[in-house]
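Assembly of the complex is requested from the two constituent chains, each provided in isolation within its own frame, with the hints serving as guidance.
Chain residues, written in single-letter form:
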Amino acid sequence: MTSEDTSVVVFGSLARDEFTGGSDIDWTVLIDGVANPKHLDLARQVRSLVTSLEASPPGQEGIFGNMAFSHEIIHQIGGEDDTNSNTTKRILLILESRPIGRRDAFDRVLNQVLSRYIAEDARFLHHSARFHVPRFLLNDFARYWRTMAVDFAYKRRSRAGKGAAIRNLKLRMSRKLIFVSGLLACFSYHLLISDSERSALLSSPEASHEFVRHLRRVFAQTPLEILAAIINRHENLRPVGAQLFRAYDDFLGALSDETQRKHLDSLAHGDEDTDSLFRQLSECSRTFRDALLNLFFDEPTGLGQLTKIYGVF
Amino acid sequence: MLSDEDFHVVELSALRLSEWTPLVEALKTLDLSSFRYVSIHLPSLMDRSEERLVVKSLHDLENPKWPLILHPDTVTDFGLWRELGDRLCIENMDKRKPIGRTERELESIFQQLPDARFCFDIGHACQVDPTMNEAYGILKCYREKLEQIHVSEVNSLSKHDVLSYSTIQSFRDIAHLIPNVPLILETPVLQDQMRQEVNKVRFALLPIITEIWSPKDEILAPLASNQ
Chain A
9 MTSEDTSVVV
19 FGSLARDEFT
29 GGSDIDWTVL
39 IDGVANPKHL
49 DLARQVRSLV
59 TSLEASPPGQ
69 EGIFGNMAFS
79 HEIIHQIGGE
89 DDTNSNTTKR
99 ILLILESRPI
109 GRRDAFDRVL
119 NQVLSRYIAE
129 DARFLHHSAR
139 FHVPRFLLND
149 FARYWRTMAV
159 DFAYKRRSRA
169 GKGAAIRNLK
179 LRMSRKLIFV
189 SGLLACFSYH
199 LLISDSERSA
209 LLSSPEASHE
219 FVRHLRRVFA
229 QTPLEILAAI
239 INRHENLRPV
249 GAQLFRAYDD
259 FLGALSDETQ
269 RKHLDSLAHG
279 DEDTDSLFRQ
289 LSECSRTFRD
299 ALLNLFFDEP
309 TGLGQLTKIY
319 GVF
Chain B
-1 MLSDEDFHVV
9 ELSALRLSEW
19 TPLVEALKTL
29 DLSSFRYVSI
39 HLPSLMDRSE
49 ERLVVKSLHD
59 LENPKWPLIL
69 HPDTVTDFGL
79 WRELGDRLCI
89 ENMDKRKPIG
99 RTERELESIF
109 QQLPDARFCF
119 DIGHACQVDP
129 TMNEAYGILK
139 CYREKLEQIH
149 VSEVNSLSKH
159 DVLSYSTIQS
169 FRDIAHLIPN
179 VPLILETPVL
189 QDQMRQEVNK
199 VRFALLPIIT
209 EIWSPKDEIL
219 APLASNQ
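In order, the protein sequences belong to chains A and B. Convert by adding 8 to the 1-based position in the first sequence; the result is the number in the numbering used here. Numbering follows the numbering used here, with no gaps: position 211 of the second sequence is 209.
Simulated from the structure, these hints should not be mistaken for laboratory data. Built from N, CA and C at the ideal position, the CB exists for glycine as well. Some hints here could point you the wrong way.
[Claimed, not checked] Computed from the model, here is a short list of chain B residues facing chain A with C-beta under 7 angstroms:
{"#": "1", "residue": "Lys93"}
{"#": "2", "residue": "Asp127"}
{"#": "3", "residue": "Thr129"}
{"#": "4", "residue": "Tyr134"}
{"#": "5", "residue": "Ser154"}
{"#": "6", "residue": "Lys157"}
{"#": "7", "residue": "Thr185"}
[What the hints assert, rightly or not] The calculated EDC-like cross-link candidates involving lysine to aspartate or glutamate, where the alpha carbons are at most 20 angstroms apart (straight line), are:
{"#": "8", "chain 1": "B", "residue 1": "Lys93", "chain 2": "B", "residue 2": "Glu142"}
{"#": "9", "chain 1": "B", "residue 1": "Lys93", "chain 2": "A", "residue 2": "Glu12"}
{"#": "10", "chain 1": "A", "residue 1": "Lys184", "chain 2": "A", "residue 2": "Asp115"}
{"#": "11", "chain 1": "B", "residue 1": "Lys138", "chain 2": "A", "residue 2": "Glu205"}
{"#": "12", "chain 1": "B", "residue 1": "Lys93", "chain 2": "A", "residue 2": "Asp115"}
{"#": "13", "chain 1": "B", "residue 1": "Lys157", "chain 2": "A", "residue 2": "Glu12"}
{"#": "14", "chain 1": "B", "residue 1": "Lys95", "chain 2": "A", "residue 2": "Asp115"}
{"#": "15", "chain 1": "A", "residue 1": "Lys184", "chain 2": "A", "residue 2": "Asp159"}
{"#": "16", "chain 1": "B", "residue 1": "Lys95", "chain 2": "A", "residue 2": "Glu218"}
{"#": "17", "chain 1": "B", "residue 1": "Lys138", "chain 2": "A", "residue 2": "Asp257"}
{"#": "18", "chain 1": "B", "residue 1": "Lys138", "chain 2": "A", "residue 2": "Glu218"}
{"#": "19", "chain 1": "B", "residue 1": "Lys138", "chain 2": "A", "residue 2": "Asp115"}
[As the list claims (entries may be wrong)] Stretch by stretch, here's where chain B covers chain A in the computed footprint (C-beta under 8 angstroms, at least three residues):
{"#": "20", "segment": "114 to 122"}
{"#": "21", "segment": "208 to 217"}
Here chain B stands alone, though its shape is the one from the complex (with noise of 0.2 angstroms):
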């Protein structure tokens, strides 16, 4: 489906500890060729037994480059993560979660994980603090650290959603902080509504972009002075 749209990254994700088995071994049949950047989302529910069977068959993962994707609330021993370095990335977390939402929390998890590198929610961020301070904040202090992010919207509920109208705003009041690393949309689209996905968040992360998105018509249109 990926590949009909010409869309050159992904992440393949095992979020309940039961995909994890068929995706590992899914992974080593699967025709990735036409990704640039693959990354894996980790189970994000474990216990002590089951982190460690799953950090031991990360090492034999088709490809050891793949960033992992993980939220420090999982984690129980941070000694074994610490073993995967900068493979690893850690993911800041929305509302419900006890730690990784803010600057300051995230500073404890990078304190046990000094190599790890960083997958910036911004979806979580901007739930956490709609201001974008936090956002901001969060980037100032892990941007060197990024790997890739994380595009959403968070709803009441803490569920992935399409972008809002007021959440593009948002994003955009940060976007420029952004540097060039791949975008992940967790956004929940059907396959014929994912262009127009696209669009909205191009409009709301690339400062460069003078078309404007209209939420009527959903589409982008020119500046008028730009015509």
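Here chain A stands alone, though its shape is the one from the complex (with noise of 0.2 angstroms):
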């Protein structure tokens, strides 16, 4: 179905490999290159496919479930042209997506995304900086996250609360992980590679196609696996890790079973505070929460540091 300018990508749980029975697949035929009519059929096999498989369909905004132009993901970051629904297609292909069959066009515009975020902001990869962390990425993807968070009082509002609980516990959960995982990502000169073999990279003329090569190796994992990259690379982060792991998968569990998942969806708004489901998830969210603060503010690791320098403003 897909050809060397169009690439079907998921997103979502399928992406972040955590697809449970009630997931939604999240989808969109990405197009890179000469406008034809015919992608619109494209989409409508994709849909079709979908539904046929009986899986929950994209969400109500409209942000998947259709065709996507590289166009405006390469060219609008930042400014008024960088929509809600731009700004999330371009974070989500970068943390959380996958393509199906073909991917040349999912590659060219990945790269054309991460090149864009690295050239334009050279300077953290002199030499001479004091920390390599990528800026500009990690600002929007900071962006994203504060947006996610406002969307939510935005659903919260205009579906009059209609199922509140079960994206409130998202938030908490799966939308931080992917928000976490970029943060990692782009900290990750410093925590995945040596001293010797960064200077090496840094000197090189090279710096910035070197980073985004980097950068893709990086995304190329799921949000759980690049947390896993970064813990088991210092010893001293596997009781953090435990208590991550083991929460989220509890998490995991809860919307896996078809009886809590719908228990979830049907919760009034007003009732999370009272029902016994929602507090044992609440307090999933709270060991979650605790074990990324203890995780994002280790001194030994250097996380500490970059976390003051470049998480707080």
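Pasting the structure below:
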């Protein structure tokens, strides 16, 4: 179905390898080439295929389940034309996406997006810089995280609280997970690479290209794998890792249980605080949050310092 | 035509199979003495029996040292081509092709043809990834095998075209990685436009150039500070 100019891309839990029975399939037909009216036919085919799988359709906001064009995703970073929808597509393309079928367009667009963030912020690659963290990219991840949080409040109002309970839990768990994986990716030149290797990469005239290649390798992993890679490299983080993954596993366990998921889906706004399942998963999210705080403010790994310098303002 | 323009490098191409036999015949009498470098581009589409015949005919070529440029998606029997050793030059492909477009895809081809050399098509690489990150990866990996470079713009229809301003800027990004090897221009121009196109290529690929290429005037003009 796909071609050198079109990739079918999935997002969300399917891309993160966290798909459960009640998950929806968020997808888009990513187009990077000459415009062709027939692209709509491809999108209709994909929609028909997804419907036949009897999975939940993409979300109500209309960001997924149709075509996405590379031009806006690549060119509109920041500024008035960088709409909520455009930012969402771009950030999720980086943080939680997988191509199905031909990946040519997907790889091209991802390379171009990441190259923009890196090439236009190249001062951080100067070997004399104290830290080598791509601020442009990090700021866009942070902006998206706050947007998701604000959008939760928007949806709670616009949908009169319907589905707010499960969206709240997802915000505190899976949405937060992809944000922290993005942060860790931005910090990864200090967390995954030895000092000597980093010095060699930064001294090279191809430092920008090498950093983009490094990010592609990092983002080829799922968010959980990114976290695991960092934690496994540092012995002192193992207890924090255990706490973190146990909490997330409990969350996924609840979502994969049809009865519990339906219960959370139908929980009326205002009933959350007295609902035992919601309270149990809230506690889970607090454990997850506390583990992340311990991770990000860990001093021996240097994460604490990076978080203070880049994560606060 | 090329001799008149004082070019010393030429690639003789038989992209269509029907052109191959006439080319082989013509090579027996063509005067190529004015060229310091000659390469031969093999047909880009062959079935199994045609492939065998073309490889057999290569042993009768006038000059056994001429590099033989091959599209990797043409190959059916790698064993046949392996015998040609370092005479063979594998070319990286454009986005339409199923293999040979990226560093990773070329790896499996060179595993099958370990002695083969490499023809870097910079236009193909730019089309596959306009950031030139893939081109960088390809050159980083296969620089030692580099025999020659194909230069052109590859447009949205995957056709060779003259170099545009934005493509020249993309090429300049990795120009410093390119060693001193023959450049084969695949840009379709008339004879009276050849020099101008060569100037554009010089500006795109030779990092020591201190002249500015102006898209408006399509000429190279000296930098003001160098005057």
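How the hints compare with the structure:
| no. | hint | result |
| --- | --- | --- |
| 1 | Lys93 | 4 angstroms, holds |
| 2 | Asp127 | 5 angstroms, holds |
| 3 | Thr129 | 4 angstroms, holds |
| 4 | Tyr134 | 4 angstroms, holds |
| 5 | Ser154 | 5 angstroms, holds |
| 6 | Lys157 | 12 angstroms, violated |
| 7 | Thr185 | 21 angstroms, violated |
| 8 | B:Lys93 - B:Glu142 | 24 angstroms, violated |
| 9 | B:Lys93 - A:Glu12 | 6 angstroms, holds |
| 10 | A:Lys184 - A:Asp115 | 25 angstroms, violated |
| 11 | B:Lys138 - A:Glu205 | 17 angstroms, holds |
| 12 | B:Lys93 - A:Asp115 | 12 angstroms, holds |
| 13 | B:Lys157 - A:Glu12 | 15 angstroms, holds |
| 14 | B:Lys95 - A:Asp115 | 15 angstroms, holds |
| 15 | A:Lys184 - A:Asp159 | 14 angstroms, holds |
| 16 | B:Lys95 - A:Glu218 | 26 angstroms, violated |
| 17 | B:Lys138 - A:Asp257 | 41 angstroms, violated |
| 18 | B:Lys138 - A:Glu218 | 11 angstroms, holds |
| 19 | B:Lys138 - A:Asp115 | 19 angstroms, holds |
| 20 | 114 to 122 | holds (count 4) |
| 21 | 208 to 217 | holds (count 3) |
Violated hints, listed in ascending order, are 6, 7, 8, 10, 16 and 17; each of the other numbered hints is respected by the structure.
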